[in-house]
Amino acid sequence: MEIRAAEKTLLSLVFGLYYNLNLIGNDLVLVEDQPVAGLFIRAGTRIYDVRQAVIRYYLPQLGIEHLSEGNPYEEKITLIPEEIGIVIGQDTQGLSAVIRINLHPFNDKTMIERGARRIQEVLRLRENFARYIRGVVTPLILDNEVIGGNFSSMDSEELVRQRDQTIEAIMSANFIYAYGNNPKNVANEIINAVL
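Mind the numbering: the sequence shown is residues 18 to 212 in this note's numbering, read in order.
Check the hints yourself; a few may be wrong.
Said to hold, decoys possible - Listed below are the simulated DSBU-like cross-link pairs for lysine-lysine, each with C-alpha atoms no more than 30 Å apart in a straight line:
1. K25 <-> K126
2. K25 <-> K201
3. K93 <-> K25
4. K201 <-> K93
5. K126 <-> K93
6. K126 <-> K201
Derived from the structure by calculation, the hints contain no laboratory data.
Produce the complete structure using the sequences and hints provided.
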């Protein structure tokens with residue numbers, strides 16, 4: 018998990034292509050908190066929307082030729098996991114680690130750091146979990162080339178309680194920060210730290 022453009026999708030691709038790990042969910046996942054067993058990922062997006070620049074720089078071996086014109090950082094290509102040899106799986110063991118990643122060419126070394134920065138992470142998680150439910154995502158209704166729209170809040174005290182329980186479960190997990198500039202090296206360090 019991480020903020021936009023930290024290359025979560027790239028790392029997910031590397032895990033599937035080079036470490037034969039199954040894809041449960043890429044961008045969005047549905048998490049279930051089971052009272053005794055803990056957190057399980059029940060469903061998720063099962064496609065990869067990858068920035069063209071990322072494909073060109075990190076995964077040229079995929080031989081993706083249908084790159085469109087325009088900004089290669091903003092333009093994305095959709096990859097179907099099965100078409101590139103990645104197996105779709107399901108979570109049978111529950112959450113074993115939470116990993117916040119940052120892959121960037123300017124990270125001068127690969128590094129794993131253990132333990133969550135609690136206040137920072139709780140604030141991030143509460144914001145991210147609540148923004149869809151509370152209706153504060155950017156409303157977008159394109160009608161006659163006019164941008165607008167409103168989504169009413171669907172929040173309740175019960176949903177807040179459930180989110181906070183899920184956040185507590187995440188915070189008590191094996192929390193890892195992974196930094197680096199080479200996705201294969203970062204993936205290898207994560208595998209070593211988690212397995």
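Outcome of the hint check:
Straight-line distance between C-alpha atoms of K25 and K126 comes to about 18 Å, which keeps the hinted pair within the 30 Å bound. Note on K25 and K201: the hinted pairing holds, with a Cα-Cα distance of about 13 Å set against a maximum of 30 Å. With a CA separation close to 14 Å, the supplied pair K93 and K25 stays within the 30 Å bound. Under the criterion of a C-alpha separation no larger than 30 Å, the hint pairing K201 with K93 is consistent with the structure, at around 21 Å.
Proposed proximity of K126 and K93 is supported: the alpha carbons are some 27 Å apart, at most 30 Å. For the proposed pair K126 and K201, the alpha carbon gap of about 13 Å is at most 30 Å, so the pair holds.
The earlier numbered hints are all upheld by this structure, with none contradicted.
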